[in-house]
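Asker: Residue numbers (our numbering): -10 to 70.
Keep in mind that the hints were calculated from the coordinates and are not lab data.
It is possible that some hints are incorrect.
[Unchecked claim] DEER-style ranges, computed between Cβ atoms: (1) T48 with P23: 45 to 51 Å; (2) V20 with S52: 38 to 44 Å; (3) N33 with E67: 30 to 36 Å; (4) V(-9) with G22: 29 to 35 Å; (5) F44 with M8: 20 to 26 Å; (6) S(-3) with G18: 40 to 46 Å; (7) Q4 with Y30: 37 to 43 Å; (8) Q4 with T24: 27 to 33 Å; (9) G27 with A60: 18 to 24 Å; (10) K65 with I34: 46 to 52 Å; (11) V28 with G1: 38 to 44 Å.
By construction, the Cβ of each residue, glycine as well, lies at the ideal position given by its N, Cα and C atoms.
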Amino acid sequence: PVLNTMISKLAGNEQGFAMGMNNAYMSIGNVLGPTLAGVLYDVNIFYPFALGLIFLVVTFIGSFIWQKRQARLIAKVEQSS
-10 PVLNTMISKL AGNEQGFAMG MNNAYMSIGN VLGPTLAGVL YDVNIFYPFA
40 LGLIFLVVTF IGSFIWQKRQ ARLIAKVEQS S
């Protein structure tokens, strides 16, 4: 519910497109995620967990970098005002 609310508030006139893309990517993840995890599980029981950890770390680093860039942009806009 939170993601849908954020999309509806941030998308503006492109709300339908944004919601459609969100649903498409969610559906792809619901199909590919378990399939990939099953294949990795057949190879080694720990591989799905390792892949999950890798995704978690990459997402955390990406979020951290994005947050720092946003803070810099806000500071730059406030200085120029």
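Asker: Hints first: check each against the structure and report whether it holds.
Answerer: Comparing the hints with the structure gives:
Remark: the range hint 45 to 51 Å for T48 to P23 is contradicted by a beta-carbon distance near 19 Å. Our hint of 38 to 44 Å for V20 and S52 is violated, since their Cβ atoms are close to 25 Å apart. Checked against the hint of 30 to 36 Å, the pair N33 and E67 fails, with Cβ atoms roughly 51 Å apart. With their beta carbons about 20 Å apart, V(-9) and G22 fall outside the hinted range of 29 to 35 Å.
Taking the beta carbon of each, F44 and M8 are about 24 Å apart, inside 20 to 26 Å as hinted. The given range of 40 to 46 Å is broken by S(-3) and G18, whose C-beta atoms sit roughly 20 Å from each other. Between Q4 and Y30 the beta carbon distance is about 38 Å. The supplied range of 37 to 43 Å therefore holds. The beta-carbon spacing between Q4 and T24, approximately 31 Å, falls within the hinted interval of 27 to 33 Å.
Between G27 and A60 the Cβ separation comes to about 40 Å, which falls outside the hinted range of 18 to 24 Å. Taken as a hint, the range 46 to 52 Å holds for the pair K65 and I34, whose Cβ atoms sit roughly 49 Å apart. Remark: the range hint 38 to 44 Å for V28 to G1 is upheld by a beta-carbon distance near 40 Å.
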